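Mind docking chain Y with the ligand on chain A? Use the hints.
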Amino acid sequence: MGSPMLFGIAEVGYFVAMMVYIGYFMFKNKSVGITATALAAGAFLSQTAALILRWVESYGMGIGRAPLTNLYESLIFFVWCLMLGYLIIEFKYKNRTFGAFVTPLAGLALGFIDLTGISKEIEPLVPALQSNWLLAHVTMSFIAYAAFALAFATGMLYLVLSTEKRSESSYIFWTVAGSVFFIVLAAMGADYIKFKVIGTSQELIKGFLFKATFRNESGFIALLSFVAAFALMFFVWRYGYVLKRMVQTFNITLDFLEDLNYKVIAVGFPIFTLGGLIFGAIWADQAWGVYWSWDPKETWSLISWLVYAFYLHARFLRGWRGNKIAVLSSIGFITVIFTYLGVNLFLSGLHSYGEA
Amino acid sequence: MADKNIVDKIWKFFTSVKLAVVIIAVIALSSMIGTVIEQDSSPEKNLKLFTKIFGPANAQTVYKSAVALGLTDMYHSWWFTSILICFSANLIICSIDKLPHIKRIVDEPLKPIDAKDFDNYGIKKELSVDGSIEDAKTLVLAAIKKLGMTPNASDNSGPNTIQFYAHKGRRTRYAVYVIHFSIIIILIGAVIGNTLGFSGYLILPEGETSAVAYSRQSEKEHPLGFSIRCDDFSTSFYGLSDMPKDYASWLSVIEDGKTVLKKTIGVNSPLKYKGYTFYQSSYGVVPQKNTRSLIILNVTPKGGKTEQISLGVGESFKIPGTKFSGRLIAFTPALAFDKNERPYSYTENMNNPAVYIELTSEDNDKYSGWLVKRYPQTWDLPDGSKVELVDNWGYQYTGLQVRKDPGVLLVYAGCLFMTIGLYCAFFLSHKKIWVLLQSEKTKVNIKIAAFANKNKTGYEGVINSVFNRLTH
Ligand code: HEM
Chain A
1 MGSPMLFGIA EVGYFVAMMV YIGYFMFKNK SVGITATALA AGAFLSQTAA
51 LILRWVESYG MGIGRAPLTN LYESLIFFVW CLMLGYLIIE FKYKNRTFGA
101 FVTPLAGLAL GFIDLTGISK EIEPLVPALQ SNWLLAHVTM SFIAYAAFAL
151 AFATGMLYLV LSTEKRSESS YIFWTVAGSV FFIVLAAMGA DYIKFKVIGT
201 SQELIKGFLF KATFRNESGF IALLSFVAAF ALMFFVWRYG YVLKRMVQTF
251 NITLDFLEDL NYKVIAVGFP IFTLGGLIFG AIWADQAWGV YWSWDPKETW
301 SLISWLVYAF YLHARFLRGW RGNKIAVLSS IGFITVIFTY LGVNLFLSGL
351 HSYGEA
Chain Y
1 MADKNIVDKI WKFFTSVKLA VVIIAVIALS SMIGTVIEQD SSPEKNLKLF
51 TKIFGPANAQ TVYKSAVALG LTDMYHSWWF TSILICFSAN LIICSIDKLP
101 HIKRIVDEPL KPIDAKDFDN YGIKKELSVD GSIEDAKTLV LAAIKKLGMT
151 PNASDNSGPN TIQFYAHKGR RTRYAVYVIH FSIIIILIGA VIGNTLGFSG
201 YLILPEGETS AVAYSRQSEK EHPLGFSIRC DDFSTSFYGL SDMPKDYASW
251 LSVIEDGKTV LKKTIGVNSP LKYKGYTFYQ SSYGVVPQKN TRSLIILNVT
301 PKGGKTEQIS LGVGESFKIP GTKFSGRLIA FTPALAFDKN ERPYSYTENM
351 NNPAVYIELT SEDNDKYSGW LVKRYPQTWD LPDGSKVELV DNWGYQYTGL
401 QVRKDPGVLL VYAGCLFMTI GLYCAFFLSH KKIWVLLQSE KTKVNIKIAA
451 FANKNKTGYE GVINSVFNRL TH
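Going down the list, the sequences are from chains A and Y.
Sequential numbering from 1 applies to the first sequence in this note's numbering.
Sequential numbering from 1 applies to the second sequence in this note's numbering.
One chain only, chain Y, in its complex shape:
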């Protein structure tokens, strides 16, 4: 039948390791292009690149054809996907095609070999021990056990000869298929993640709640099915430097008006809920002033007790037990002074928060100055009381990466299989051994032949060390 021929031909085409080598090379080479042309980036960047390489005259045309060929988003292009499909087909069909053959090798029972064939093996050894054949048997059996194998005996060749043979690790021959299978699992996991998953972000100012995230591709709202609130956000730095040591968001998950989960997330430690994962990815200062923003102060009058108060900029507070009252005039996320001693914010981030306060006594004495969170010496006021800038709230937002990837477990499972497969394929092997004992007067001659499908020299070394011990 002609039909069958075509199917056969296609099947045959995909069983070839040669095709595998070609496809692997094609994937490698095309991936290189993808690292030179910036993927998924703005047209200007790649236009600049093409101008550099092809000159300004051709840049536009080259860019247009690159876009048409999908080279600017090639890992998602139809042709790259097709290559991956061919690759998978190759891998699956090749494995199915070869498995019965491997299974036959694995299941093949080990048989004794002819005495004359002992010289034909890659690993061979001869030695002799004094004593009877019974003594030698015990020694040899112990030696084979030491190699981790269970010996079989065959003594049909006469009263003075006996052959022992054993093997182990025959299933390691499947290891390569475990590796190939794991690649398929990973690819399936990736496809599931890409088609059923969600990748987006959420910018959440301190104190705010959101029931949606935003898609990375389309910027469209994506309902989460629950709400998430940012209770607080904070950054810590290395010493007094601006190098962030850690940043963390205090998040609450709210479902049906109830808080069901609270977690502090940081970089490398995300929050997981109902298939969604929230990663700490960025942060910043809320651009427009939040009406609920608060400054938190610890106020300690001279010799008195510390009291914590929260208030907004523009509001006033009293220092208990004194004639003084204070007012918050201004807040800055990153206080610095220019060369004319004028204050300014040197970054957009909450690197060096400071609040400017004005103290007025009932006698109209005035004092004003900056309280800086990082520098305790700025908290001491002239009258001996102390006002500590503890925190500020409602000024910052946390930038969360939101992901839902139902395929990720498969990907990890594939990685695990691959690790196991690689270990078995490269560090274990199918080992066989035959030992022939021939008694001759007062001694027994021992002939050994052995085989390993990998790491022959290692196996030979082990055999030598185990059997050399028999002679003394």
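Looking at chain A on its own, in the form it has when it is part of the complex:
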């Protein structure tokens, strides 16, 4: 069995686990919950095996390097860290509710890989990328990203639970952010169906994403997609309290969520500082002779870092508790996603991932 097969199993496993977690969330059936955990754990093991195998395979090809150097590999590693972190939390706190909030993030990353047609080949590295600093930089960045993703999930859950009125800005924030995530996931699903059925082309990300919906050649379908997206957003906004009722049945306290939110950021922030910023700077210094060059990817990493620094300091100000803090941690993760994908999609930069 080769690594692509095992990755395939893991991918399907995570998707099914996501649906079962959501099912568990809705019906609270214990055996459904156990199934979800078993699926997630099984998929995780398969992915672990796949990562190791891919590493071994790269040696067989005479390239020999850790599977962490292109967009595909880094997204896979992100999902791995995220699921590891999640499974630890589930085990430690004996609570499966997050599953329904975390697995969609894994699904989003995996879906993104599949339908953007990112190259999955084990590729040789150009000289600038053959560096242990880079390896440490990428590894630690993704561990931190996974921690921030968990903070995002707890932050969103916090907002679902704590908000009451539809006019509240925190309520609007979580319904909009939540539905945007859902819409992106659905739009990528549509891309998946369209391009997998018609056959894939080897185009770049830019040529693929949302082509089945918002960026359809037919203006009508594009318009329809936007209308549907706004309708969905409205729907979530209108009936968000239903979700709140469901979450309420799980007896999670706001204090617990706020504490967990802080804890994962307290793990993610130092790792991101050291791995994401410092190691990245050292690598750039070795490769190019500039430790900081304000290129868009670097700048966006700094922005994410500043958002979390903002979060940490805002906690010291009275009144900055609860909703505001939860919103901040969610914004932090949105900037992380932008750092990682948005910069490649929208802005140009020195970094190699964009040219994958």
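These are calculated hints, taken from the structure and not from any lab test.
Predicted model only: the values in this text are computed from it and were never measured.
Any given hint could be a false lead.
Mimicking SDA-like on lysine to any residue, the simulated pairs with C-alpha atoms at most 20 angstroms apart in a straight line are [said to hold, decoys possible]: (1) A:K263 x Y:G461; (2) Y:K404 x A:I282; (3) A:K263 x Y:R173; (4) Y:K258 x Y:F226; (5) Y:K373 x Y:G312.
From the derived model, a few chain A residues whose C-beta atoms are all more than 10 angstroms from chain Y [said to hold, decoys possible]: (6) M19; (7) S31; (8) G60; (9) I113; (10) I172; (11) V176; (12) A177; (13) L185; (14) K211; (15) F220; (16) W237; (17) V327.
Label pairs and their computed distance ranges (CB to CB) [to be verified]: (18) Y:N468 x A:E168: 39 to 49 angstroms; (19) Y:S132 x A:N95: 43 to 53 angstroms; (20) A:R245 x Y:I188: 49 to 59 angstroms; (21) Y:K441 x A:F91: 41 to 51 angstroms; (22) Y:L141 x A:K92: 29 to 39 angstroms; (23) Y:I105 x A:W237: 40 to 50 angstroms; (24) A:H313 x Y:Y423: 13 to 23 angstroms; (25) Y:G275 x A:M5: 51 to 61 angstroms; (26) Y:I184 x A:V176: 30 to 40 angstroms; (27) A:N132 x Y:W250: 23 to 33 angstroms; (28) A:H313 x Y:S132: 51 to 61 angstroms; (29) A:N132 x Y:V260: 25 to 35 angstroms.
For every residue, glycine included, the Cβ atom is placed at its ideal position computed from N, Cα and C.
Same frame as chain A, now just chain Y with the ligand:
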């Protein structure tokens, strides 16, 4: 005094964490603008961007105002610099303002607490052990040692009671200041690098020497104080592909006519000399023909010994012991054939070097063909001899990035401090514990109160596991 009031006011203004939060947000938001508008790039690129966003009619005006506001080179603009100065002032003044208070907390001696206060602590625990108070003392002392603390005792409350108390990690409260201080160090390092440093480049063909580099900003010559020579340059590829695996330059540093240092540099492994660092950044083929360019061949006549020769294009060589002599007709850095079988160079780079040779025997037999460095099968000639294209010299240049950054050590020191500070701030904490022992007939009741300024649950877990062992 009015003066003092103003100073006080400014001081007070800069002590606020609220200001810090505002400044951090302002830096984050303005940095975003800097990633949308291309920095330091050609006017056309940004004009195109503005045309897209604001329409062709407004693009020029928007561009002009963007330039006036420094938005096209904003990280060096006066206002971004001012924000950073405010940020530093905030950080320094806030730290100076808060430090005495923190110092007081750190230096405060730990005191025993009243028996009734044991219930007021976040972490609390009660248990009882059989035996005398002396037995219990030994157990408890061992338990506190196990927590990594040195206990103090206070037994002024009667013969049957004793209280132990201990703490550790009080200095971790300074960690946050280490982090803040490290940010200042990094900023100072960056300022030193920007003002006293040099950033430039040097294009050096194989075999040439230069005593200057060229500034990136002004393209002006910058004397190095020594000379640098490129002895050789080479690229290696993954298999037969055009994907470069590595490229390297053999450099010599020459001072007063003497070679003082030789080093092979590659990507990720620069040469350092007298504060200057030379990074391998690019390479290419020298545009105009270098008169000293050489082709290096290994010539092996059939059954004979291999001989290495170097010669230029247009020159001739003999294959020793045979009637044949050869002439180099042409050289190409990247040989390919078009659909009419005509040769051409498919890139400017030395991807597939090849030399066209013509062999003539004394009897006027002729043979001609391409020797390709990558393909050994092209080296075998019809008469059984072999001519290998080993290397070419003087055709390529190496592109070096030249930097002098006297601030970089400070930046790295700051990074180190920041790492240590972050570790201490997030993973260590100031922990305190009080244990009250009260003997009652044949058993001793033990009350525990504890406090940690971070990660209370973790500390509680450790206390539980250590003290639960006392009961059996
Ligand atoms: C982006 C730059 C900054 C970073 C990365 C940073 C980092 C930190 C960190 C990690 C903490 C500890 C938070 C925690 O324990 O949860 C902290 C606390 C703090 N920071 Fe900053 N900081 C920055 C800028 C500033 C500035 C400009 C000020 C100026 C007022 C400031 C004032 C404080 C204060 C007062 C505390 C609380 C200290 C305490 O607990 O005694 N910070 N900072």
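Against the structure, the hints come out as follows:
A hinted pair counts as satisfied when its Cα atoms are at most 20 angstroms apart, and A:K263 with Y:G461 qualifies at roughly 16 angstroms. In summary, the hint linking Y:K404 to A:I282 is supported, as the alpha carbons are separated by about 16 angstroms, within the 20 angstroms threshold. Restraint check for A:K263 and Y:R173: the C-alpha separation of about 18 angstroms stays at or below 20 angstroms, so the hint holds. Between Y:K258 and Y:F226 the CA atoms are separated by roughly 10 angstroms; this keeps the pair inside 20 angstroms, and the hint holds.
Straight-line distance between C-alpha atoms of Y:K373 and Y:G312 comes to about 16 angstroms, which keeps the hinted pair within the 20 angstroms bound. Remark: the non-interface label on A:M19 is consistent with the geometry, its nearest Cβ contact in chain Y lying 33 angstroms away (cut-off 10 angstroms). Every CB of chain Y lies more than 10 angstroms from the CB of A:S31, the least distance being 30 angstroms, so the non-interface label holds. Every CB of chain Y lies more than 10 angstroms from the CB of A:G60, the least distance being 14 angstroms, so the non-interface label holds.
With a cut of 10 angstroms on Cβ distances, A:I113 stays outside the contact zone with chain Y, its closest approach being about 23 angstroms. With 10 angstroms as the threshold on Cβ separation, the claim that A:I172 sits away from chain Y holds: the shortest Cβ distance comes to roughly 20 angstroms. For A:V176, the non-interface assignment is confirmed: its Cβ lies about 20 angstroms from the closest Cβ of chain Y, beyond the 10 angstroms cut-off. Once the 10 angstroms rule is applied to beta carbons, A:A177 is consistent with being away from chain Y; the minimum gap is 18 angstroms.
With a cut of 10 angstroms on Cβ distances, A:L185 stays outside the contact zone with chain Y, its closest approach being about 25 angstroms. No beta-carbon of chain Y is positioned within 10 angstroms of the beta-carbon of A:K211; the least distance is around 21 angstroms. Every CB of chain Y lies more than 10 angstroms from the CB of A:F220, the least distance being 24 angstroms, so the non-interface label holds. Annotated as non-interface, A:W237 keeps its C-beta farther than 10 angstroms from every C-beta of chain Y; the closest such distance is 27 angstroms.
At roughly 13 angstroms, the least C-beta separation between A:V327 and chain Y is larger than 10 angstroms, which holds for a residue marked as non-interface. At about 45 angstroms, the beta-carbon gap between Y:N468 and A:E168 stays in the expected band of 39 to 49 angstroms. Our hint of 43 to 53 angstroms for Y:S132 and A:N95 holds, since their Cβ atoms are close to 45 angstroms apart. A:R245 and Y:I188 have their C-beta atoms about 55 angstroms apart, which keeps the hinted 49 to 59 angstroms range intact.
At about 43 angstroms, the beta-carbon gap between Y:K441 and A:F91 stays in the expected band of 41 to 51 angstroms. Checked against the hint of 29 to 39 angstroms, the pair Y:L141 and A:K92 passes, with Cβ atoms roughly 32 angstroms apart. Checking the proposed 40 to 50 angstroms range against Y:I105 and A:W237 shows it holds: the Cβ atoms sit about 47 angstroms from each other. Checked against the hint of 13 to 23 angstroms, the pair A:H313 and Y:Y423 passes, with Cβ atoms roughly 19 angstroms apart.
Y:G275 and A:M5 have their C-beta atoms about 54 angstroms apart, which keeps the hinted 51 to 61 angstroms range intact. In this structure, Y:I184 and A:V176 meet the distance hint of 30 to 40 angstroms, their C-beta atoms being roughly 39 angstroms apart. Between A:N132 and Y:W250 the beta carbons are some 24 angstroms apart, a value that agrees with the proposed interval 23 to 33 angstroms. Distance hint for A:H313 and Y:S132: a CB-CB separation of about 52 angstroms, consistent with the stated range 51 to 61 angstroms.
Between A:N132 and Y:V260, the C-beta spacing of about 30 angstroms keeps the proposed range 25 to 35 angstroms intact.
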